[in-house]
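Undergrad: With the hints as extra help, turn the sequences into a complete structure.
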Amino acid sequence: AQTVTQSQPEMSVQEAETVTLSCTYDTSESDYYLFWYKQPPSRQMILVIRQEAYKQQNATENRFSVNFQKAAKSFSLKISDSQLGDAAMYFCAYREYNNNDMRFGAGTRLTVKP
Amino acid sequence: ETGVTQTPRHLVMGMTNKKSLKCEQHLGHNAMYWYKQSAKKPLELMFVYSLEERVENNSVPSRFSPECPNSSHLFLHLHTLQPEDSALYLCASSQDFGRTGNSNQPQHFGDGTRLSIL
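Residue numbers (this note's numbering), protein chains in the order written: chain A, 1 to 114; chain B, 115 to 232.
No lab work stands behind these hints, which were simulated from the structure alone.
Incorrect hints may have been included.
In silico EDC-like cross-links for lysine to aspartate or glutamate, where the CA-CA straight-line distance does not exceed 20 angstroms [to be verified]:
#: 1; chain 1: B; residue 1: LYS132; chain 2: B; residue 2: GLU167
#: 2; chain 1: A; residue 1: LYS78; chain 2: A; residue 2: GLU17
#: 3; chain 1: A; residue 1: LYS73; chain 2: A; residue 2: GLU29
#: 4; chain 1: A; residue 1: LYS55; chain 2: A; residue 2: GLU17
#: 5; chain 1: B; residue 1: LYS132; chain 2: B; residue 2: GLU170
#: 6; chain 1: B; residue 1: LYS155; chain 2: A; residue 2: GLU29
#: 7; chain 1: B; residue 1: LYS155; chain 2: A; residue 2: GLU15
#: 8; chain 1: B; residue 1: LYS155; chain 2: A; residue 2: ASP26
#: 9; chain 1: B; residue 1: LYS132; chain 2: B; residue 2: ASP199
#: 10; chain 1: A; residue 1: LYS78; chain 2: A; residue 2: GLU15
#: 11; chain 1: B; residue 1: LYS154; chain 2: A; residue 2: GLU10
#: 12; chain 1: A; residue 1: LYS73; chain 2: A; residue 2: ASP31
#: 13; chain 1: B; residue 1: LYS150; chain 2: A; residue 2: GLU29
#: 14; chain 1: A; residue 1: LYS55; chain 2: A; residue 2: GLU15
#: 15; chain 1: B; residue 1: LYS155; chain 2: B; residue 2: GLU198
Quick caveat: nothing in here was measured; it's all calculated off a predicted structure.
TA: If you want it as structure tokens, here you go:
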């Protein structure tokens with residue numbers, strides 16, 4: 001079974017600074033997808049960014065970017081120019097190609113200090 | 115406004131009660147999911163419905179019974195729950211193309227139902 005590990009239960013960043021959240025995963029597959037979701041106190045899980053494993057180029061969405069290292073099975077999320085609204089739980093998720101099953105990490109709680 | 119609506123938002127029930135959680139998606143998706151979210155644990159996938167057919171059941175106890183009458187609605191029927199079943203139950207939907215299609219489509223989540231078992 002594929003597992004997703006987020007080794008940082010909590011992280012803190014100063015407003016306007018940059019923070020990186022770590023994620024590693026275990027798989028024997030070559031085709032898969034990776035996601036970062038954000039869950040604010042409102043509870044709704046919101047997609048932040050996604051990466052297809054076959055793409056070498058790291059995905060970027062405005063202030064959010066990933067560092068995808070396929071050989072190392074690492075998928076970290078970088079948040080630049082952090083804002084107060086970025087405070088939330090962040091979940092890394094893995095999904096196999098042609099499979100409905102999505103595996104989530106335990107999450108990292110991000111605090112943004114003004 | 116979220117494309118995935120869950121009701122109720124909060125539910126408190128005794129162990130002998132029978133209740134149902136409801137999920138409705140307005141996104142035209144053809145797959146729906148139930149997840150259990152407990153404190154400090156990864157989200158646990160409970161059930162997956164694709165094209166209204168259950169395609170996955172991750173060893174969930176029979177006291178949880180899902181129902182998917184159509185592609186827009188998903189229910190989770192609860193019966194004789196245990197205190198350890200207290201958690202946030204999240205519903206999600208996505209556009210899937212079955213077992214031969216592209217599964218990079220993200221899942222869209224509802225706000226969840228906070229369930230407390232007394």
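Undergrad: For every hint, state whether the structure bears it out.
TA: Tested hints:
1. B/LYS132 to B/GLU167: Violated, because 24 angstroms separates the two Cα atoms, which is more than 20 angstroms.
2. A/LYS78 to A/GLU17: Holds: A/LYS78 and A/GLU17 sit about 11 angstroms apart, inside 20 angstroms.
3. A/LYS73 to A/GLU29: Holds, because 11 angstroms separates the two Cα atoms, which is no more than 20 angstroms.
4. A/LYS55 to A/GLU17: violated, 28 angstroms
5. B/LYS132 to B/GLU170: Roughly 23 angstroms between the alpha carbons, so the hint for B/LYS132 and B/GLU170 is violated.
6. B/LYS155 to A/GLU29: violated, 24 angstroms
7. B/LYS155 to A/GLU15: violated, 28 angstroms
8. B/LYS155 to A/ASP26: holds, 17 angstroms
9. B/LYS132 to B/ASP199: Holds - the C-alpha atoms of B/ASP199 and B/LYS132 are around 14 angstroms apart, at most 20 angstroms.
10. A/LYS78 to A/GLU15: holds, 14 angstroms
11. B/LYS154 to A/GLU10: Status holds; Cα separation ~11 angstroms.
12. A/LYS73 to A/ASP31: Answer holds: A/LYS73 to A/ASP31 is near 12 angstroms, not above 20 angstroms.
13. B/LYS150 to A/GLU29: violated, 26 angstroms
14. A/LYS55 to A/GLU15: violated, 31 angstroms
15. B/LYS155 to B/GLU198: Holds, at roughly 13 angstroms.
Checked against the numbered hints given earlier, the structure breaks hints 1, 4, 5, 6, 7, 13, 14 and satisfies all the rest.
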